[in-house]
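From first to last, the protein sequence lines are chains A and B. The opening residue of the first sequence carries number 1 in my numbering; numbering runs sequentially from there. The opening residue of the second sequence carries number 1 in my numbering; numbering runs sequentially from there.
Just so you know, these hints were derived from the structure itself, not from any lab. Bear in mind that the values here come from a model prediction, so they are computed numbers and not experimental data. Keep in mind that a hint or two might mislead.
Computed footprint of chain B on chain A; a stretch qualifies when at least three of its residues, placed anywhere within it, have a C-beta under 8 Å from a C-beta of chain B [stated by the list, open to error]:
no., segment
1, 39–49
2, 104–117
The calculated lysine-lysine pairs, modelled on DSS-like cross-linking and capped at a C-alpha distance of 25 Å, are [claimed, not checked]:
no., chain 1, residue 1, chain 2, residue 2
3, B, 70, B, 16
4, A, 57, B, 3
5, B, 38, B, 70
6, A, 9, B, 38
Negatives, chain B to chain A, calculated, CB over 12 Å [what the hints assert, rightly or not]:
no., residue
7, 28
8, 39
9, 62
10, 73
11, 110
12, 114
C-beta atoms are modelled at their ideal positions from N, C-alpha and C, and glycine is treated no differently.
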Amino acid sequence: NAGVTQTPKFQVLKTGQSMTLQCAQDMNHNSMYWYRQDPGMGLRLIYYSASEGTTDKGEVPNGYNVSRLNKREFSLRLESAAPSQTSVYFCASSDRLRETVSNQPQHFGDGTRLSIL
Amino acid sequence: AQKVTQAQTEISVVEKEDVTLDCVYETRDTTYYLFWYKQPPSGELVFLIRRNSFDEQNEISGRYSWNFQKSTSSFNFTITASQVVDSAVYFCALSEDWTGNQFYFGTGTSLTVIP
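Same shape as in the complex, but just chain A (with noise of 0.2 Å):
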């Protein structure tokens, strides 16, 4: 099924490891966006890209780095990794014009869940 692919699933990490977490859509969309998601938080926002090329950031982007790739692949990295960035992390996906034919406004991926001890 089309649809936004995260790997790996599960990581877990020794504090100062170096980690990328990846993202690859299928469905031609121009936007891509990560998010982490932490108990009593919701999901903030940490990157996302508008389009190809271009990067931006989100509400939470204190020591991450992001790359969009290509159209398809959007990667998460945490240089240095740090008991505090212990979430879920989200990838999503979504297209202006395509969303009309879907009628959803972003897709998710099934998420990553990270550790750091």
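For this one, chain A is given, so just place chain B on it according to the hints.
Okay, now just chain B, sitting in the frame of chain A:
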């Protein structure tokens, strides 16, 4: 600044009861969009509804209904005759864009339906 408040952290109801989940928002935009998402225990996010700021008509979809009132900046969600499968965390969200570009999510309401 955009803000969404879901004051109810956890709600428990007995199956077949009706339940209303509250959502209050703040924005200075005249055009904005409101959304509800469901997150079942499996963790995925399921889109339920989107409303734009110019459409205050209430919406009903099966057992689900939504009440949008600009006068009180509220977008409440009611489940009629609740079922165990309705047990989930429900998020209300706000965006200036209809695709949800830069969502502002509430903190969620965890609903437990007891059989």
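Now the hints, each set against the structure:
With a threshold of 8 Å between beta carbons, the proposed coverage of the segment 39–49 of chain A by chain B holds, since 7 of its residues qualify and at least three are required. Under the rule that three or more residues need a Cβ within less than 8 Å of chain B, the assignment of the segment 104–117 of chain A holds, with 6 such residues. With a C-alpha separation of about 30 Å, the suggested pairing of residue 70 of chain B with residue 16 of chain B is violated against the 25 Å cut-off. About 18 Å separates the Cα atoms of residue 57 of chain A and residue 3 of chain B, which keeps this hinted pair within 25 Å; it holds.
Our distance criterion of 25 Å between C-alpha atoms is met by residue 38 of chain B and residue 70 of chain B, whose separation comes to about 23 Å. For the given pair, residue 9 of chain A sits about 20 Å from residue 38 of chain B by alpha-carbon distance, which is consistent with the 25 Å threshold. For residue 28 of chain B, the non-interface assignment is confirmed: its Cβ lies about 17 Å from the closest Cβ of chain A, beyond the 12 Å cut-off. Non-interface call for residue 39 of chain B relative to chain A: violated, since the shortest CB-CB distance, roughly 9 Å, does not exceed 12 Å.
For residue 62 of chain B, the shortest C-beta to C-beta distance to chain A comes to about 16 Å, beyond the 12 Å cut-off, and the non-interface label holds. Here residue 73 of chain B stays apart from chain A, with its beta-carbon at least about 18 Å from theirs, past the 12 Å limit. Consistency note on residue 110 of chain B: stated as away from chain A, yet its beta-carbon is not over 12 Å from all of that chain's, at 10 Å minimum. Every Cβ of chain A is farther than 12 Å from the Cβ of residue 114 of chain B; the closest lies at roughly 22 Å, confirming the non-interface assignment.
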